[in-house]
Each structure stands twice: as C-alpha cells, then as structure tokens.
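J.: With these hints in hand, go ahead and build the complete structure from the sequences.
Be aware that the sequence shown starts at 341, since it is given in the working numbering, and climbs by one per residue.
Just so you know, these hints were derived from the structure itself, not from any lab.
Derived DEER-like restraints, expressed as beta-carbon distance ranges:
#: 1; residue 1: R956; residue 2: T889; range: 21 to 31 Å
#: 2; residue 1: W944; residue 2: R436; range: 58 to 68 Å
#: 3; residue 1: W944; residue 2: E413; range: 57 to 67 Å
#: 4; residue 1: H397; residue 2: G486; range: 18 to 28 Å
#: 5; residue 1: S880; residue 2: Q844; range: 12 to 22 Å
#: 6; residue 1: V496; residue 2: A833; range: 47 to 57 Å
#: 7; residue 1: G486; residue 2: S880; range: 51 to 61 Å
#: 8; residue 1: T857; residue 2: T889; range: 15 to 25 Å
#: 9; residue 1: D798; residue 2: V496; range: 39 to 49 Å
#: 10; residue 1: G486; residue 2: W1019; range: 49 to 59 Å
#: 11; residue 1: L428; residue 2: T863; range: 53 to 63 Å
We treat Cβ as the ideally placed atom computed from N, Cα and C, and that holds for glycine.
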Amino acid sequence: MMQLTVVLILVLVCLLSLVPSDAVTFATYAVPEGAPRSDDFSVRVQGRACGVYANQHHAFTGFSFGDGPVTVEITCRFTVNAVVIRPLAAGITAMRQGNIITFTLKRPQKLSVEVNDDRYLFLFADALEQEVPKRGDANVIWYGPGYHNLAGKQIVLESHQWLYISGGAYLDNVGALLISNARDVRVSGRGVLGGPTRVFGSSSVDIEGIVIAPRARTWMNKIDVSQHVRYRSVKALAGDDSVVNYDGFDVMSGCHHITIDDVFVRATDDVLSIKHHPTSPVYWCSKAPISDITFSNAITWNHRGGGIIRIGPETIGSSIERVTIRNMEVIHHDSGAVFEIRTVDGVRISDIVYDGVRIESASRPIFQFDMGDWYKVGSQYGHVTNLYFRDIAVQGDAKQGMIRGANAQHGFADIYFNNVCWNGEVMKAGRQVVAGAGVTIGADARPVRDASPPQVLDATALITDPAEKSARVYVRFSEPVDRDTAEQPANYAISGEVRVLAAQLDHRFRQVILSTTGMAGTTPYTLTVGKVQNMAGTGSLPNTSRAITMQSAVKAVDSDLQGWRGWWREQYNPVAMHVYRNRPDIQYAPGYLLMNRYLTADGWAWFGHDADVSIRGRTICAGQRFWPVYTWMAPAEGTVRLTGTIRRAGESAASPRVRIVKNLDGTRLPKDDVTVWDWQAITETEIVHDVTTEVTAGSVVRFIVAGAGASVQWEPAVAYVTK
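T.: So this is what it looks like as structure tokens:
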C-alpha cells in the first residue's frame, strides 16, 4: 500500500509541473540526487523551483513553457554588483533587488546570465515538447527523471531506435552516445547527457532538446561519413575551462547535409570545426568530400583555444563546399578568430556563406584566412573561392584580421562583403578592402569584389512521374545566388499549366531545383525567372526567360561533384573493419562508404581506401578488397529505367563482374539491398543493361563493379517512366 501511495504522489507531482499557472503552461525539472548541484544560484519560474546544475566553472538550468510570458527569479548566494543577460540582441532587461535578479520571457530562448562578470548561469527556456515516445515500445530507450550512472559505458543506438532523456534525468559518466551504421534514429528530451555524441556512417539522425555536458575532456559532438543529420535545440557545454579540446561540433570526412540549428555552445576550443583530419580514425575515407553544412540560430562562446567557426584546419585534401553560417550570436570570443579558414594539402574550399552574425565585445581577430604551412602534410596548397559575408555586426575593439594566400594560383578568390559593420560603420569593398576596415589582404591574394547580377544560364527538366506529370527543373545561374530569394517559388513561372511547388538552392549556390506539377515530356516549355538576387545582395535579376530542355535521363558522368542530380560515388567494403584505430572493439559492418577525392595531375579523381579502387570519369577500377560503386538517390517515388553499356577497359586479365541493386531504406548496409540486375561477368568486349524497377523517395540504386584489378567503362543512366 505504501509503495502504491509513493507512485501516486510521484504521478501527481509530474502532473502538477505541467498545469497552467496564470494561463501559462510550463514544466520545471529538479536536479536529481547524485547529480552536481549549483551552490551559487537558485531559480524559480512563475514561483516554482527549477533545479540548477553545476558544471565546473558555470551553472545551468532549464525549463519548458508554452504561450504567454513567464517570470524568472534568480537568487544569487553571493553579493551582486552587476548583471548582463546575453545575447544582447535578445533585449532582456533584468531588475535587481539585492541578490535577486528578475526578468520576463515572452518566448523560448537560450540565455547567458552573467553576474559580476565572473559568475555565469546558462538558462535554457525551451518550448514544450511536441512529441514524446511511448515508454515500453520495442524501439524506445527511456531514461526517466533521476540520476543514472553509466560508469563509462556507451549508449549504442541502432536503426529506427528512439532514445528519450526526460527532463530531470541526468546521465552521468557516459562513454559516448554512439550512432553507427544506422538510419532513422532519434534522440530527444529535456534531460542531460553527461558524455559526447558520436555519429558514424549513419543517415536520417535527429538529436533534439537535450543538454550535452561531458565532464571528461572530449570533442562534444563528432559526425563522420554521415548524411542528413540534424541537431536541433541542443545545448553543448564544456566541462572544464582549464583545458582545450572541448570542441562543440566537429563535422568530419564524408559528411553532407548536416544541420545544426537553434543551439547554445560553450566550448573550450572550436565551436564548429569542419575538416578532414590527418589522424582521422576513420582512416579509409578520410578524404571523402564534405558538403551542405548549415549552422544556424546559434549562441556561441569559445573560451580557450580554437575559434568560433573554423573550416579546413588539419584538413588533408579533398573538398569542403556549401557551408552556411546564418543568424549566429557570438557572446564571448576569448581565443582565435570568429571566422577562420586554413587550407593545405590541395584542399578546395568553396561557397561559404556567413549571413547575419552579431559579435559582442570583440577583442580578437574577426577574419583569419590563411594558406600557411600549419598542419601541411602534402606537397601542394589548396584554393578557396566564393566567400560571402552579409549583415555582420562587430562591436568592440576587434583586432585586425588577415586574408593571405600562398601565391597567385593558391589563394582566396571572389570574396563578397555586404553590410559588414564595425561599431556601426559599414565596411566597403571595391577591388580591395578599404584601409582601416579591420582586414588586411596579403600581397598574393586575389581581389575582394562585389558581385554582378545573376544571369540564368540554362534550365533542364527531368520528369519524375509521367503519370502525375511531376518533374524537377534544374536552373543554373552565372553567379552564386541568395537563398532567400532563390527559394521563393513565386520568383519562377513556367508556361502552360505547370505549377512550381517548391524551390531548393543546390550545388555551389548556382543551381536551383524546382519541384513542379503539370509538365508533360513532349511539350516545349519556357521558364521565366525574376527577383533572384546575387549572394552579396548587390544585384537583382530582372525577368528573364529561357527555353527548358527536356532531359530523358540523368547520367552518372554528367558531373564530378558528389550529389550532382542524385549521383554519388561510393566504395563497397565486403568485410567488417575497425572503425577507430584505437578502438578495436568497434567495427564497421560490411557496407558502403563515400569515396575519397584527390586532385591529380589530370584533375579530380575518386579513390577508395586502397589505391587500386578508383573512378576516373567513365573508367571504374575494382580492387582486391573494395569495390567501386555509382549510387543514385531517387528524388521521388515511381518506376525508373536503368540503362547503360559496360565495356572492359585496360589489359587486366581479371574478368569484371557487375551488378545493380536497390536499397529502399537508403542505408549503407548490404543486408537491405534488393537485387535489380544480378551479377554479370563481362567475358567479351561489352554488355548492355536495360531494366526497370520501382523506387521510393530517398531510396538508392547502386551500380557495382567487382573483380580484383578489373576495369570497365560504364555510363549508367536513370529515367522515370510511365508504369
């Protein structure tokens, strides 16, 4: 009976924490016994106690609320002389009476309450949770309120699993939250993860709401060879101010379509680092390209070592493309530069956008773009092109920045500034940066210039569903274009009864993909584009019309870029391999990984972990252990026709074998493959394939070449057809 009474009381407490108070629904969370509790602060929200954690040199607390304002009361257990609430752009005004600080919040937000310039309380006011998994479901791992000591063990998530860490839960001494070779994984809640996250070889991963606060020194969030990963409303807090290497987020080799949004990061090293590491433990794909990374709506502070946004340091080649930093607050900047790019070992870095960044109390360099010898491990320098700075506000006595190339061939080309301000004074850019603007240009660097208005180069349509008359229209521009105007469907019109449903900015910010309906494959169409601005915002496209070219199929060799119109280059590893050099217990199951990209004397080429695995244009070479793969990702559901001619190449005595499979789950695991065209040996000169199969949006079709030392020439093509 007593046990039942205790359970009922706990349930009642949980229900009361969610009842409306003054017409506002909110939830507060207690610090569980065993978790580190702050001795400096106590917090009440709408009069209800809210637990405050200690995290070495600062404290943090969190609660959730819905519509309507809430009153926050902070009691300091020390004398209060001054208080500042950052980011300053939040406009929060605090009332102070003795050692009690009071203010009102009208919406969820993340704040740093700074008292006497030496005591810090991070306050995370989240929105109420919209979706909570059902406890007890087969694929749900649930940690309820309380202290959970994992004693160094890892939490390993597999495909389709959901880890829920509820408010009031504190997971201590977590070795790592590991998501490896998995798809469709979720992590959510309002609790605390006392360990780092590691995402490897995975896709469709969503991590939302939790506090990540490892006590032991580590990179707090590391993402390797993964795609479509999203961190949302996450708070990453370094555990020890006296040491470095508490990076906030590290996006590593082979990552693409990574989104980090609405985050608070307090790091004692880099806040965000995007790089190919020379000692990367994921050693067989350490030069796989990185692309399509978005870091947005962030509040940042780097305290010791590193910088705020670092692109390329320690990188060992390949390419980093299409990175967007948008709407970021830098509340403290104690080390390095805010924007840093270092390129060595032939790496190509292009199309980097810094849009809407506010830097408070700046005293360190803002720009630091260098092509020096630091971490240089190869024989050639790289190249950087298309950097865009828009709406950057710097307050304080920031030191001069630096933009310095190695020579005329290896430098920084096409840097655009629009509304970049130092203490309210707009920095102007012509053929060079104006003296005194806070940036110096090295003698060998290319000029800084303004952009021209964009022009439409061409438009190509691919029918994705003939029966429904659905199509994708690829619009190419002469200049990189602004995302806000480029992704407005109203800025595009197509003749006839065609409707533009959506617009998505794609490769190098020079291509927009339109999703349309009402387009038939035999009818001529005209596209009209207007009001699309260039990236610098200095030129707008007048209404321009272009005839649309109807494309029956997309070929793998149309471009040497990963992801171009759905095509990727992968290597298949048929045996289990170690993921990390220093962790032999963690293995990568047989499966597919992105290939490495190298700059050779003949241009860019793709290689597997072993040098005998390569894709050079139309020539595909298989190796002893790894097989090269052309992979196509379906943009829509339908029936596709797979055509191509495969010819033997080279003088190898090995007989090439080829195969086509599809993976409706879009995973990297061969256990999910379905055979479309089974193994065929090319014993004669050539072989032809012409098969159809059903696909879903996001599924993949793989064209595989096997045979140690075998070489073929293959131009696979895909087209949607009527059922």
